[in-house]
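A.B. asks: Protein sequences appear in the order of chains A and B.
Anchor point for the first sequence: position 257 equals 256 in my numbering, and the numbering is continuous, going up by one each time.
Anchor point for the second sequence: position 85 equals 394 in my numbering, and the numbering is continuous, going up by one each time.
Don't take each hint at face value.
Claimed, not checked - DEER-style ranges, computed between Cβ atoms:
1) Pro35/A with Ile352/B: 28 to 38 Å
2) Ala343/A with Arg343/B: 21 to 31 Å
3) Asp356/B with Lys335/A: 46 to 56 Å
4) Gln379/B with Gly43/A: 17 to 27 Å
For the record, the hints were derived by calculation from the structure and aren't laboratory data.
From a predicted model like this one, the values you see are computed outputs, not experimental measurements.
Even glycine gets a Cβ: it sits at the ideal position worked out from N, Cα and C.
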Amino acid sequence: MAKQSIVPFGPQHPVLPEPVHLDLVLEDEVVVKAVPSIGFVHRGLEKLVETKDYKEYVYIAERVCGICSFGHGMGYCQCLEKIMDIDIPPRAKYLRTIWMEMSRIHSHLLWLGLLADAMGFESLFMQSWKLREEVLDLFDATTGGRVIFSVNCVGGVLKDMDDSMLKRIVDTVTDMEKELRPIAETFLRDYTVGTRLHGLGMLSAEHAKMMGAVGPMLRASGVSYDARKLGYAAYGDLDFEPVTAADGDSFARCEVRIREIFQSIGLIRQAAAKIPAGPIAVPVKGNPNGEHFMRIEQPRGEAIYYVKANGSKFIERFRLRTPTTSNIPPMLEMLKGCQLADVALLILTIDPCISCTER
Amino acid sequence: MAKTKLAKSPWMLHYDGSSCNGCDIEVLACTTPRYDIERFGIINTGDPFQADILLITGGVNFQSESVIKQIYTQMPDPKVVVAVGICACTGGVFKDCYNIKGGIDTVIPVDVYVPGCAARPQAIIDGVVKALEILQQKREAYAAHRRQGKA
Numbered sequence: 000m001a002k003q004s005i006v007p008f009g010p011q012h013p014v015l016p017e018p019v020h021l022d023l024v025l026e027d028e029v030v031v032k033a034v035p036s037i038g039f040v041h042r043g044l045e046k047l048v049e050t051k052d053y054k055e056y057v058y059i060a061e062r063v064c065g066i067c068s069f070g071h072g073m074g075y076c077q078c079l080e081k082i083m084d085i086d087i088p089p090r091a092k093y094l095r096t097i098w099m100e101m102s103r104i105h106s107h108l109l110w111l112g113l114l115a116d117a118m119g120f121e122s123l124f125m126q127s128w129k130l131r132e133e134v135l136d137l138f139d140a141t142t143g144g145r146v147i148f149s150v151n152c153v154g155g156v157l158k159d160m161d162d163s164m165l166k167r168i169v170d171t172v173t174d175m176e177k178e179l180r181p182i183a184e185t186f187l188r189d190y191t192v193g194t195r196l197h198g199l200g201m202l203s204a205e206h207a208k209m210m211g212a213v214g215p216m217l218r219a220s221g222v223s224y225d226a227r228k229l230g231y232a233a234y235g236d237l238d239f240e241p242v243t244a245a246d247g248d249s250f251a252r253c254e255v256r257i258r259e260i261f262q263s264i265g266l267i268r269q270a271a272a273k274i275p276a277g278p279i280a281v282p283v284k285g286n287p288n289g290e291h292f293m294r295i296e297q298p299r300g301e302a303i304y305y306v307k308a309n310g311s312k313f314i315e316r317f318r319l320r321t322p323t324t325s326n327i328p329p330m331l332e333m334l335k336g337c338q339l340a341d342v343a344l345l346i347l348t349i350d351p352c353i354s355c356t357e358r
Numbered sequence: 310m311a312k313t314k315l316a317k318s319p320w321m322l323h324y325d326g327s328s329c330n331g332c333d334i335e336v337l338a339c340t341t342p343r344y345d346i347e348r349f350g351i352i353n354t355g356d357p358f359q360a361d362i363l364l365i366t367g368g369v370n371f372q373s374e375s376v377i378k379q380i381y382t383q384m385p386d387p388k389v390v391v392a393v394g395i396c397a398c399t400g401g402v403f404k405d406c407y408n409i410k411g412g413i414d415t416v417i418p419v420d421v422y423v424p425g426c427a428a429r430p431q432a433i434i435d436g437v438v439k440a441l442e443i444l445q446q447k448r449e450a451y452a453a454h455r456r457q458g459k460a
């Protein structure tokens, strides 16, 4: 047996923009075991709910993570709307869906760029992020923010889009679709990318389910599961099928995310065509009392929100289980047996969001 | 000559103190074609030993404190620190959290503060350009100090 050695990975690491620490137990170049330690970004946001007004906390919920910020605000608001038995106007539901899908496009393009960067494919990184700026421009025009929007409120949304704006969104995403094709082609057909990703970090469907993988990780292993199918917001009215791939390796994860960008573009088109006229929010009076538990599909996978209120304006407990939390155990499993040089790439393929995980 | 060279090719290091990621992706967006911070000769590096400018996003929590101190001491003199985003400046919305110590200046000296939640790329670039001037001043002071030492 070869000699074992422990190599620390992180918290400050060139490949990952966020701090995460792993102790890698190596036998020569091969990883035998990976021991994670987290907490470098922990702020204690779940506790903060006890001292903030429940309407004010929407802004904190959005700042759980800067990439999935819209989804976190939406999940929290939807919980409170269920507790307080508020029926939000259909237009607000459609607006939320459009913003959520735009978030998905921006998150997946961001991930594609980081993946290319981790492989040393610098120009592909630049191309992906250049394309991503188009979505950020749309966010800027519709909400006033590029990454943190603050448009959700309990009872609906705060800002409306007029017809010319909806047309601009549809036109922009249609243009993006054309520009995305050559980038997608490079990811899926390029020899260098292929040799780096094919067969790396295999996760079978059975294993993925057992370890509790969610989102693109689970779908890349061939399991057709998408929380959007639950029909929250306007997803019940839209026509789509979960994107899956059979292989379960890093390449399949890349493929699923690329196809999900195209799917999101389609969903935005559908929603913009179907959006009903009407108000965008209903007035909310009184304080919540009761508890609710709900799931939504974030770009990285299924997130779970739980809110328990006691009739005062302060919430008693807010619990958030983020997709990365559930994707860490399968990641540790995948790391076993891989080469040291592949570790950074493998961590990246789960699309880790440490800010979400540690809150 | 060495003076101008440093001011024209500073290397930048980014660390996430305990931010929400919003400012982090904006810092990265600065390096991409739309904003292109590399036109100032800046290269985004991952190695503290080669970095001149440290961009920190997010406030300081009790676990990241030692990491930030370590990165700061690993960087060679002269160096400048840019606090990106309101959390890095003061603690921001996370100020009341039990695990947040406050802004970056509670741990290491900060030269430039960039406000905003999330800080916009334009603001970050402005902050970095200001940091370049400070870096140049520090460099001159450092060189004068060394000359004095030799004499």
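A.B. asks: So, for every hint listed, does it hold in this structure?
C.D. replies: Evaluation of the provided hints:
A beta carbon spacing of about 30 Å between Pro35/A and Ile352/B agrees with the range 28 to 38 Å that was offered as a hint. Under the hint 21 to 31 Å, the C-beta atoms of Ala343/A and Arg343/B, about 26 Å apart, fit the expected range. Separation of Asp356/B from Lys335/A is about 28 Å and departs from the stated range, judged on CB atoms against 46 to 56 Å. Between Gln379/B and Gly43/A, the C-beta spacing of about 23 Å keeps the proposed range 17 to 27 Å intact.
Figure legend: structure checked against the earlier numbered hints; the only hint not met is number 3.
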